[in-house]
Amino acid sequence: MTFLDFEKPIAELNARVAELRETADAGAIDIEQQVASLEAKADKMLRDTYAKLTPWQKTQVARHAQRPHLRDYIAGFVADFMPLAGDRAFADDKAIIGGLGRIGERRVMVIGHEKGDDTATRLKHNFGMAKPEGYRKAIRLMELADRFRLPVVTLVDTSGAFPGVQAEERGQAEAIARSTETCLQLGVPLIAAIVGEGGSGGAVALAAANRVLMFEHAVYSVISPEGCASILWRTAEKAADAADAMKVTAQDLLKLGVVDRIVPEPLGGAHRAPAVAIAALGAALGEEIDALVALDTATVRQQRRAKFLAVG
Amino acid sequence: MSWIDKVRNSIPFIVKRETPENLWYKCPQCGAMTFLKEFEENQSVCPKCQFHARIGADKRFDQIFDSGVHTPLPAPAVREDPLKFRDTKRYVDRLKAARTATGETDALLNAKGEIEGRRAVVGVQDFAFMGGSMGLAVGAAFVAGVEAAIAEKAPYIIFTAAGGARMQEGILSLMQMPKTTVAIQMLREAGLPYIVVMTDPTTGGVTASYAMLGDVQLAEPGALIGFAGQRVIEQTIREKLPEGFQRSEYLLDHGMLDMVTHRHQLRETLAKLIAYLVPEAIAA
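Residue numbers (this note's numbering), protein chains in the order written: chain A, 1 to 312; chain B, 1 to 284.
Looking at chain B on its own, in the form it has when it is part of the complex:
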């Protein structure tokens, strides 16, 4: 809301003007205003500064698959709230709120379809669902995604986004690190590629397991990627963090990624990688 609207709205006798704020996207990086429609047509990337906004599974599938055509894969059922966890709120209530807000059952969704005519199974982690956090549901969905890829003789492509493990599931969330790693080993033994696209943000136990084990590692520009959180590191070393620390470009410089790829080029980059990596005999 601009200052003039604030003044206007605070004066009781002036009729409140309904500002069509939802028609505009304000870039959190450069502040530029873009028509929402234009912003979305630009794959949720700011046309002025190329800031890549966080997107969920639906938009990602639409952007990645040929003409957006894809078949969603069912989310495997898991035990809910295995620890009967409660902090200031009950975990079941947090889950309910996240489900209402996102319309999804948990933070990782899979779909199959084609990318430039080549079969692929794609998983997308949605940061909007409890910070994309990895618990039983995410672990089970990851394994299901890999199993679908093996059945389809297709690569598994994962778009990561997570604050880390889901604390409300305690040690069971930590156990998703080895669990998802076993799935990657199964995919590898089936001779199929595992491609990771890291998106903003990818940290904690997710980075320290399946997000760092790709045959090829991609990241979107400017994504925050790391193991430890920046606040924790600052408290440990008691000094300011270097410029660009834990961003995609920094990881590329330090040898942790193969490439940083603009969202506009992701589809063709993935298609090219699949063409190179999936054996012809399998792709046929």
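In isolation and in its complexed conformation, chain A is listed as follows:
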């Protein structure tokens, strides 16, 4: 596992434990007690560190390369997933994946950003940065779900929509605006979960939802801390200050009323025990769908609109 900068002391302890184990395996001396005490120390350090992560540290956890991604969540809690492709106008953008599936017994439409997890898949999925065709695919799938009365679940994990010449040419802004509009128009429940990074307009385009869930160490913001710092502090070096000032954590956003529920992560972040994190999210989404599924079309739409009108 890749350790983050602020986890260095924990990594060092773990390395010493491994070293001692090797020595012990070589049959030298009995070091069980020493190992146990070091392990306890490492565990405590991990617990303490993660109990008071700074917003900037959380940003790094949220971006951790080994954090579960969309495909892991789908494999974990979406049964019989059937991906659907394309925007019917230009291309199939693999930064946004969507399709039919079941969460528990419930039929749902699942849509989310996929970042990829090695060089080949990152390139294929464009690092989770969608182009207009990605948002237009999302619009198409949300409307399809609406026609057949399927609740929509979105999983948000993007540093932002792709900033490129072709994306602008094909109407990146318009695609995001329409996607947000479609979220708000749906007559079926829409439940969003910010699972990693919720980056700006590219995130909100899938997250104008009845209920917004957020992982304990995920972040959600109007601009990346680096972007904010380079504009307001005139240097990206001040990203940690910007992350503090902008209030990007799940805990802050719950207080601000932007997020409705925090999904706890296993000790040391979702990447340390992916299966636990995935199961927790699946269970939380199941409960949320159950709570909303009985609402009629007008009520579900009204509830969502009232919620966003009240923001402020």
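Among the hints, erroneous ones may be present.
[As the list claims (entries may be wrong)] Label pairs and their calculated CB-CB ranges:
1. Ala18(A) / Gly255(B): 56 to 62 Å
2. Pro9(A) / Arg90(B): 33 to 39 Å
3. Ala298(A) / Ala151(B): 31 to 37 Å
4. Gln302(A) / Cys49(B): 46 to 52 Å
5. Arg90(B) / Leu256(A): 16 to 22 Å
6. Ala91(A) / Thr71(B): 44 to 50 Å
7. Ala51(A) / Gly255(B): 47 to 53 Å
8. Ile231(A) / Ala151(B): 34 to 40 Å
9. Arg79(B) / Ala236(A): 25 to 31 Å
10. Gln166(A) / Ala128(B): 29 to 35 Å
[As the list claims (entries may be wrong)] Under the rule of at most 30 Å between Cα atoms (straight-line distance), these lysine-lysine pairs were calculated in the DSSO-like manner:
11. Lys240(B) / Lys59(B)
12. Lys240(B) / Lys48(B)
13. Lys89(B) / Lys52(A)
14. Lys59(B) / Lys96(B)
15. Lys84(B) / Lys238(A)
16. Lys238(A) / Lys89(B)
17. Lys255(A) / Lys96(B)
18. Lys272(B) / Lys112(B)
19. Lys153(B) / Lys238(A)
20. Lys255(A) / Lys94(A)
21. Lys8(A) / Lys44(A)
22. Lys255(A) / Lys44(A)
23. Lys255(A) / Lys238(A)
24. Lys112(B) / Lys124(A)
25. Lys59(B) / Lys84(B)
26. Lys272(B) / Lys238(A)
27. Lys89(B) / Lys48(B)
28. Lys272(B) / Lys153(B)
29. Lys48(B) / Lys37(B)
30. Lys112(B) / Lys84(B)
31. Lys52(A) / Lys238(A)
32. Lys255(A) / Lys84(B)
33. Lys112(B) / Lys153(B)
34. Lys84(B) / Lys52(A)
35. Lys255(A) / Lys153(B)
36. Lys84(B) / Lys96(B)
37. Lys52(A) / Lys255(A)
38. Lys26(B) / Lys240(B)
39. Lys37(B) / Lys26(B)
40. Lys240(B) / Lys94(A)
Read the hints as simulated data drawn from the structure, not as lab findings.
Bear in mind that the values here come from a model prediction, so they are computed numbers and not experimental data.
Virtual Cβ for every residue (Gly too), placed ideally from N, Cα, C.
Given the coordinates of chain A, work out where chain B should sit on it, guided by the hints.
Chain B in isolation, oriented as in the chain A frame:
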């Protein structure tokens, strides 16, 4: 200041001449000097090259409404500095400075009046107020503008100008994207038109929400319009941007606008659109 004035002013014993610079408008595009009065009578458009200068709400209302007659709508009160934000300066101090400089409370102002005898509610975003940025105040003013339009059974016309969302309000500024979108849906359900006039510049979260959801999309010539900033795009693709990229005419070519309209023709174009779109039964 011309070079000769610079020389003159740098010589201590020559009496400094007060140059009446403020009587002239120097066009940033073609460099032509125009008498300020003439420039303003030309709706702040350069008479030589037709460059459309940025204008605030007062001038816009004067230009758009019949004889300039309009009733300003009150700005809704919002929470101020909800995050207690501070970068190199405190956000409250930035707000104070912007208010002193512009005489306005925030970046979006609404007014109602008539355009060629037809009722309209018009909102104008002022780039001079913290880059026109969208925060709680802009979102609330947008919703209030729409509500006034519904009460008046009139269209809502928005003149957009913004660098994007107001970072100092963090996630709450991002939430103005869905919030303003809900307002547009309310207007639509009331059967009233929503007309967008994009002015220089309109970028970021504003473009990616209410600025792109008009029933009809207009833009002034030469306005910078886009989602991502040009510097960000250049850093991403590592090459020079094409000529005219993200300008009104480029967006028109790419199908993102209905028309690019010269400021001199805006009033009559809007009047015509209202006449076409507002149902007779409502307009009566």
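The hints, checked one at a time:
no.	hint	verdict
1	Ala18(A) / Gly255(B): 56 to 62 Å	holds, 60 Å
2	Pro9(A) / Arg90(B): 33 to 39 Å	holds, 35 Å
3	Ala298(A) / Ala151(B): 31 to 37 Å	violated, 23 Å
4	Gln302(A) / Cys49(B): 46 to 52 Å	holds, 51 Å
5	Arg90(B) / Leu256(A): 16 to 22 Å	holds, 19 Å
6	Ala91(A) / Thr71(B): 44 to 50 Å	holds, 49 Å
7	Ala51(A) / Gly255(B): 47 to 53 Å	holds, 52 Å
8	Ile231(A) / Ala151(B): 34 to 40 Å	holds, 38 Å
9	Arg79(B) / Ala236(A): 25 to 31 Å	holds, 29 Å
10	Gln166(A) / Ala128(B): 29 to 35 Å	holds, 33 Å
11	Lys240(B) / Lys59(B)	violated, 36 Å
12	Lys240(B) / Lys48(B)	holds, 29 Å
13	Lys89(B) / Lys52(A)	holds, 27 Å
14	Lys59(B) / Lys96(B)	holds, 23 Å
15	Lys84(B) / Lys238(A)	holds, 18 Å
16	Lys238(A) / Lys89(B)	holds, 14 Å
17	Lys255(A) / Lys96(B)	holds, 27 Å
18	Lys272(B) / Lys112(B)	holds, 18 Å
19	Lys153(B) / Lys238(A)	violated, 49 Å
20	Lys255(A) / Lys94(A)	violated, 34 Å
21	Lys8(A) / Lys44(A)	holds, 14 Å
22	Lys255(A) / Lys44(A)	holds, 28 Å
23	Lys255(A) / Lys238(A)	holds, 25 Å
24	Lys112(B) / Lys124(A)	violated, 51 Å
25	Lys59(B) / Lys84(B)	violated, 33 Å
26	Lys272(B) / Lys238(A)	violated, 51 Å
27	Lys89(B) / Lys48(B)	violated, 40 Å
28	Lys272(B) / Lys153(B)	holds, 17 Å
29	Lys48(B) / Lys37(B)	holds, 15 Å
30	Lys112(B) / Lys84(B)	violated, 34 Å
31	Lys52(A) / Lys238(A)	holds, 20 Å
32	Lys255(A) / Lys84(B)	holds, 14 Å
33	Lys112(B) / Lys153(B)	holds, 11 Å
34	Lys84(B) / Lys52(A)	holds, 21 Å
35	Lys255(A) / Lys153(B)	violated, 38 Å
36	Lys84(B) / Lys96(B)	holds, 14 Å
37	Lys52(A) / Lys255(A)	holds, 17 Å
38	Lys26(B) / Lys240(B)	holds, 28 Å
39	Lys37(B) / Lys26(B)	holds, 12 Å
40	Lys240(B) / Lys94(A)	holds, 26 Å
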